[in-house]
Structures are given as C-alpha cells and as structure tokens.
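Visitor: This is what each chain is made of:
2 protein chains.
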Amino acid sequence: MNCEILAVGTELLLGNTVNTDASSLSDRLSGLGINVFWHTVVGDNPQRLAQAVAIARSRADLIITTGGLGPTYDDLTKNVLAESFGRKMVLHQEEADFLKAWFARNASNKYTDNNLQQAYLPEGCTVFHNDWGTAPGCAFEEGGVHVIMLPGPPRECIPMFENCAVPYLKSLSGDVIFSHQIRVFGIGESAVEILFRDEMEHMQNPTLATYAKFGEVMLRVTAKAGTEAEAEAMCRPVVEHVRSVLGDKVYGVDVPSMEALALELLTEKKLTFATAESLTGGLIGERFTALSGASAVFKGGAVTYCDEVKAGLLGIDPAMIAEKGAVSREVAAAMAKGVRRAVGSDLALSATGLAGPDGDGVHPVGTVFVGLADRENVWVRQLMLGTGRARVRQLAANHAFDMLRRYLQGLDIVDQ
Amino acid sequence: MNCEILAVGTELLLGNTVNTDASSLSDRLSGLGINVFWHTVVGDNPQRLAQAVAIARSRADLIITTGGLGPTYDDLTKNVLAESFGRKMVLHQEEADFLKAWFARNASNKYTDNNLQQAYLPEGCTVFHNDWGTAPGCAFEEGGVHVIMLPGPPRECIPMFENCAVPYLKSLSGDVIFSHQIRVFGIGESAVEILFRDEMEHMQNPTLATYAKFGEVMLRVTAKAGTEAEAEAMCRPVVEHVRSVLGDKVYGVDVPSMEALALELLTEKKLTFATAESLTGGLIGERFTALSGASAVFKGGAVTYCDEVKAGLLGIDPAMIAEKGAVSREVAAAMAKGVRRAVGSDLALSATGLAGPDGDGVHPVGTVFVGLADRENVWVRQLMLGTGRARVRQLAANHAFDMLRRYLQGLDIVDQ
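Protein chains in written order, with the working numbering: chain A, 1 to 416; chain B, 1001 to 1416.
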C-alpha cells in the first residue's frame, strides 16, 4: 500500500506550525508496513486542495489528510474530498447530538450553527469519533483508493490515528503487522548499522530498521503474519539477536524513553529521587515531570546555576568549589550527595558542565560531569559532548537518565 | 512570486526526521513577501523526484529544494533537477579545490572520488558556497521558473538561505521587503483577529497578519518599498496602531520570546532572579537557561515537587502547607519569597498547581498559582488553564515570564 499524507492548513505554509503530524504518522505507518512516498502541504484554498487531491489520487492508494475539519469557513477538507470522490455530504445524527451536548457542557464556548458543520460527513463513510476534541474524522474507499481524514492538532490527530485509523487499516489487509521497538543508548546509529547491515539489507519478514533520535538509537523489528501471535513470534528471535549483540546498551523494548523506564523501575522498587542541575538548568526535572505519575517518586531538587547556590542550598563547601572548579568530578559528586541529603530521597542525579557557546577558559565546551548518588555511594560519568548549547544539554540529561536506569537495572553505572 | 518547497529525503517519509526546513524557510519567505503555496516531500527516488519536479514546475515560479546534495549514491537532487530543466552538470573548479582542502584539513573524514560529486553543479548556475558543511547549493532560472537548491541539515540549510538565497531573491525584485514582529501575551488569536479584521483583510502594503504559537500571539507587519528605510517607515504607523489597541499586552517588537526579553531587561537593570517550581518541574529554569547569557542573571532555584522539599529547601512552614494546601495562593507566595531568600537573588518566580491528568479532589485540573517576589513584596496570579499536562505546564511558564517582564517594564503585575 502506497500512501500520501496531505496536510491542509495555511499556518503550515506560513511557517507558523511545523508539520509534526506527517512525521508522527509516517513513523507509525512504516511500522504497519505501509510505504509513505509523499508528503504534501497545501493551504486552506479549495482550488489548490482539489488539485492536490487529484495528484494524490493518481499516484497513491491511501490518502491521509490532516487538518481542515473544524467549524470555520476555511475548514474545507471534507467538502473538497467528498466532491473530488463524488460523494454527497450528509448529516451524521450521532455526531450532531454529541456536538450539542458538548457545547451544553462547555458553557464558555458558544454554540453556533457553524459548529453543526462538523457533523456533516461524506455519505457512507466510516466515522471516527473524536474523543480528544470536537471534529470527527472519517474513512472511505472509492475506486481502489482509501481516504482517511484526521484533525490537524497533534493531540487529536495522533490518538485518532491510533484508536480509529489503525484498526481500519488493519481490517483492510488479511495480515497482521506486529513490531517491537528496541531502545538503545550509548552507541551511535552508524555503528549500529554496521553491526546489523546484513540483517537490515537482506531480511524481508521480519524486517529490521534503525532510527536515530535525540542522541539515542531505536531499532524496529516488524513482522507480517496471519495472527498477531505468529507475527510476534517471528519478531522475538531478532529482538534476542539484537540484545545479544548490543548487550546492556539496550535499555528496553517497547518502552517510550529512558525517563519512562526509570519511572517504572523506581515505582516498582519504591525508591525516590532528586536532582541537582547546573548546566541543564531544570531540564532533567522537566523531562521527568512531563510524565504523569512522576510525583510518586520524584521529590524535587535544586537548580544550582551559580556557585553560591551550590553552597547555599546544597551545603557544598565553597572552598572545594573554588579549588576544583564548578565543572569538576568533585562538584558533580557533591551536588548529587548534597541534594539527596537535603531532600531526603533514596537517589539523586546531578549535572554540571559547559553547554556553551562560551567556555570557562579551562575546559572545552561540551565538558560535562553527571553524578548519581545513593545512600552509600556516588558515581560520576565524565563526558565530552561537543558543541551546540541545546544539544549538549539534552545529551547531558540523556546520560543522567542512563545512569539512573543502569543503577536500577543493577548494571555498571559509569561505563556505558 | 509563488513558491513550492520540495524536500528530498527518505528519512522524512519514515518519520525519522521532522521537516523543520520547510517551516523555517516558509516563515522567512513570507517575511520577504513570497507566497509559499505548496510543501512537498519525496524520498531518494529519481522517478518520484522527477515527477514531483514536473508538478512543481507546472504550478510554481520559485522551486526551493532541500536535501539530497551530499556525496552518496542516494543524493540525487542536483542531477534530477538539472535533467528536468535541460542543463548539463559541470565541474565547478573552485568548489573542487575547496573540497580537497577541506578533506586535507579534516583527517578523520576520508576523501573519496564520491566527494568530488559535490563540486558538479548545473551549467551556468549561481553557486552558493557552503560555509557550514561541504555540499554547495545553487540557483538558476529556466523558462521563468527560478530553482534554488539548499542542503538538508537545518544548520546548513538556514544559514545558506539567509546568506546566499535571500540576496539572490532580493536581486530578482527591485523592491525591498521589511517586516516587524509584534509579540503579544494575554489575549487569544481569535480576539486579536476580531480587533484587526479590517486591517488584515483590506491593507495591501503594508500587510498585517496574526500567528498563534504556544499560548502567545504574534502580529507581523510587512511592507515593500524601494529602500529598507522607506519600507520600515511604512510599517511604523501600523505597529503604533497595534500597540495603541493592545496596550501592555504587547510585550515587545522584534524580540524572540518573553524569556529573552526578561534576560535583556534583567541584564540592563543588573537584577538577578531565582525559581521555585512545583508543577512545572524545572521548565521555567530550563526555558530561561536555554538562552546563552542566562548565567549572568539567573542564580538557580528549587524544584519543590513534594511538600517536604517545599519545607526543607525553602523553609516553608509545613503547618501552613497542610492548612492552605500545596495548590494555593499562600504556598505560591511562600515559595517565591522562600527561594529568593535562600538563593539571595533580587527577584524570584514560583509556580504551583495541577497539571493533570489526575486532580487533587479539591481544585479542577489546570488550577495554577504563579508568584513573583522582590525584596519587599510578593504578587500571585491565579489561573485556570484547562487540561493537557504539557499544555498546562507551558502556559504556567508563560505566565511566570509574563509577570517577570511586567515587573521589569514597570507594569501592573497580576492583571494582564
């Protein structure tokens, strides 16, 4: 199945919004074994949209639109698509009732007749009810081409894809697609590719592919079979092979991130942790508390962006800071120990270093020390992370979470 | 001039990479008065790329490609574009010399004959030398259609656009484009649209447009004239009109963000600040320290994700927390005062609230208190930010920076 993702929205063409839907959907579609060959973006203009639909129809057998399903005059995706494929628009009573009830509950949003437009859908389509907003999506097939329409906001588009479009797509094929995602930290993508070049080039079913993201590598094993159990069984030996080659650089399979894994392990082991952040300025805490459920294991911590605060909030000896320098193994260790004691947590993470662009005249930009303390010990990892302020900060946070998960998994903490 | 941005790269279709180039270039092109009507992405496939070029040529008079300029076999943009427009590829000696010298300097990258491919460019083109990588870009005109080819990595694409493509585009038109960006916080996009509907619909030169981003609104005023000074003079009365209508909801003109403005004002006034974060978990500090130069004014702070840490690190009376609740005006005030004292800064920001998805049984999800303390006083803003964990946290941080900039601008701090 060859797919085109057609995004509709002038805000994308003005550079106001990044088309993350196309990227998120592509990632998921490739996991389903569907080839995405084209992304297109057009604005809220009926002629240019109709032309783009005609082009998409001539080359793809699955067209997924995003955006333009709302109630205002410039939301025209459903009307143009219905007209292009020769379908009438009809009122979908269940959606109309839902909309009226929704507006009755949300008094601050005034219901107007425009809102009812959202309940009109192409005749005979499969309706995708929107549990995350008000505009429904839908799917239909015409002349061998499948059309799926999804809302534009990612927080509506992605859940509707997962919950409505994926079952719809799976029902089209007799086969079931199953994939495992192997998450890896501590080795680069090209090194992973060299290790698995044979499998990546020659295996047909299951397949193995690599993806690099934010300083991590993800390997995806995908199999197609009659049942999910069969497909899963086909994936399993490949997952085991990858694990045997990469060892404990594999931090998990089908876990969303190192911090999510850490949250799971901390919750399981009933351990709490805290953070003392210098160059990351709050990023480690921010990434962890982005996860719901974080409050059960994360107590808080200190952002010690200057030396007085390292001394004042964490009780680090100012003479030691002066002697060793704020960017040092000793200060990273003292920060982790100090915040653990101050906050009364079981564990603590710390990070100090130079994110750049300015250096300190002693260390090169990108020099970072990441620390982990428990009740007895403290470990420090020394890193040279190169340049790019945002990049150095993200990689430092990655290393902090890697040390934490290695501690919780009973692995060597400093060496990767 | 109507433009299509054509990105080439299988990694974009796999969802591995987000097409931020299209968004960044669109933003800059609309600032130059060029209409971007289409974004297209195709993979590293010569047939599909040639088809996409034929479609682009039939509808656009400016085609900007990104990606596919490198030395490997799947980098085929230049060859396909040259063939589509009937141009020969010729060796560009200056680029060949540059490449050889570059590889001689960078011993870790092995020079192969493949690398010389990068010095072949369409005959008669304007060469864009790449100061940020090795692959040059270029531009040419054929049959009234202008073609610009840029590298894919954003750190090469964007500087090459700014430094090479912008002068090329400006040389095509006698006119100069100038725009001002008016940054607004505390009013929604649709309310702004209602206030300026007439200007937005009827003004031709200068033009006025609105954009919503992360809970803020940006208005762009763009004028076209013979000189930059003339264009700027045409924009000025519109900027003044917007300021007179929106008042102090306008936080700045041509400033990148509220936190960047706060950094500028703090630096100017030689004031320092600190943070005490609960629901934001480090986000306020993280956003501020993402700015280089932050260390001159930001001392650090505390992430007080649980009550003991609010008491332990900041000295807040546990009985008061128990009485008023962690999500309260009193605790927000005590956090700001406590961290200011603990850290010894001039000012301090605090945030406490419910990001969700779980509530506390007392307040609805989205209830947030944001505090600001100076040496004498403390101010607290109470907010109802609705649902969505990431959204609530970002909006809470926005409000914290809004209070800070209002303090520094001598405005009323609590009311917006």
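For the record, the hints were derived by calculation from the structure and aren't laboratory data.
These figures come from a predicted structure and were not determined experimentally.
Hints may contain errors.
[As the list claims (entries may be wrong)] Computed list of lysine to aspartate or glutamate pairs in DMTMM-like fashion (alpha-carbon distance at most 25 Å, straight line):
hint	chain 1	residue 1	chain 2	residue 2
1	B	K1270	B	D1248
2	B	K1213	A	D44
3	A	K224	A	E240
4	A	K269	B	E1193
5	B	K1270	A	E308
6	A	K269	B	D1307
7	B	K1213	A	D74
8	A	K270	B	D1248
9	B	K1270	A	E201
10	B	K1270	A	D307
11	B	K1269	A	E308
12	B	K1249	B	E1308
13	B	K1224	A	E11
14	A	K213	A	E201
15	B	K1213	A	D131
16	B	K1324	B	E1268
17	A	K270	B	D1358
18	B	K1249	A	E11
19	A	K270	B	E1193
[Unchecked claim] Covered stretches of chain B (chain A as the covering partner; in silico rule of three or more C-beta atoms under 8 Å from a C-beta of chain A):
hint	region
20	1085 to 1092
21	1222 to 1236
22	1297 to 1303
23	1338 to 1347
24	1366 to 1380
Ideal Cβ positions, reconstructed from N, Cα and C, are used throughout, including at glycine.
Visitor: Hints first: check each against the structure and report whether it holds.
Guide: Here's how the hints hold up against the structure:
About 23 Å separates the Cα atoms of B/K1270 and B/D1248, which keeps this hinted pair within 25 Å; it holds. For the suggested pair B/K1213 and A/D44, the alpha carbons sit about 19 Å apart, so the restraint of at most 25 Å is met. With a CA separation close to 18 Å, the supplied pair A/K224 and A/E240 stays within the 25 Å bound. For the proposed pair A/K269 and B/E1193, the alpha carbon gap of about 53 Å is over 25 Å, so the pair is violated.
Between B/K1270 and A/E308, the direct Cα distance comes to roughly 17 Å. Compliance with the 25 Å bound is thereby established for this hinted pair. A C-alpha spacing of about 22 Å is found between A/K269 and B/D1307, which places the hinted pair at or below 25 Å, so the restraint holds. Between B/K1213 and A/D74 the alpha-carbon distance is near 19 Å, which keeps this suggested pair within the 25 Å criterion. Pair hint A/K270 plus B/D1248 does not hold up; C-alpha atoms about 49 Å apart against a cutoff of 25 Å.
Of the pairs offered as hints, the one joining B/K1270 and A/E201 is violated, with about 60 Å between alpha carbons and a cut-off of 25 Å exceeded. This hinted pair checks out: B/K1270 and A/D307 have alpha carbons roughly 18 Å apart, not beyond 25 Å. Among the hinted pairs, B/K1269 with A/E308 is consistent with the structure: their alpha-carbon atoms are about 21 Å apart, no more than 25 Å. With a CA separation close to 37 Å, the supplied pair B/K1249 and B/E1308 exceeds the 25 Å bound.
The suggested pairing of B/K1224 with A/E11 holds, with an alpha-carbon distance near 22 Å, which does not exceed 25 Å. Restraint check for A/K213 and A/E201: the C-alpha separation of about 21 Å stays at or below 25 Å, so the hint holds. This hinted pair checks out: B/K1213 and A/D131 have alpha carbons roughly 24 Å apart, not beyond 25 Å. Under the criterion of a C-alpha separation no larger than 25 Å, the hint pairing B/K1324 with B/E1268 is inconsistent with the structure, at around 38 Å.
Between the alpha carbons of A/K270 and B/D1358 the distance comes to roughly 20 Å, so the proposed pair stays at or under 25 Å and holds. As the CA atoms of B/K1249 and A/E11 are separated by approximately 23 Å, the hinted pair is consistent with the 25 Å bound. At roughly 51 Å between alpha-carbon atoms, A/K270 and B/E1193 are farther apart than 25 Å, so this suggested pair is violated. Three residues within the 8 Å Cβ limit are the bar, and the region 1085 to 1092 of chain B against chain A gives 0, so the coverage statement is violated.
Note: the region 1222 to 1236 of chain B has 0 residues with beta-carbon separation from chain A under 8 Å; the three-residue rule is not met and the coverage is violated. Interface restraint, the region 1297 to 1303 of chain B with chain A: holds (6 residues with C-beta to C-beta distance below 8 Å; minimum three). Under a criterion of three residues with beta carbons nearer than 8 Å to beta carbons of chain A, the stated coverage of the region 1338 to 1347 of chain B is upheld, 3 such residues being counted. Look at the region 1366 to 1380 of chain B against chain A: 0 of its residues bring a Cβ nearer than 8 Å to a Cβ of that chain, fewer than three, so the hint is violated.
Hints 4, 8, 9, 12, 16, 19, 20, 21, 24 from the earlier list are contradicted by this structure; the remaining hints agree with it.
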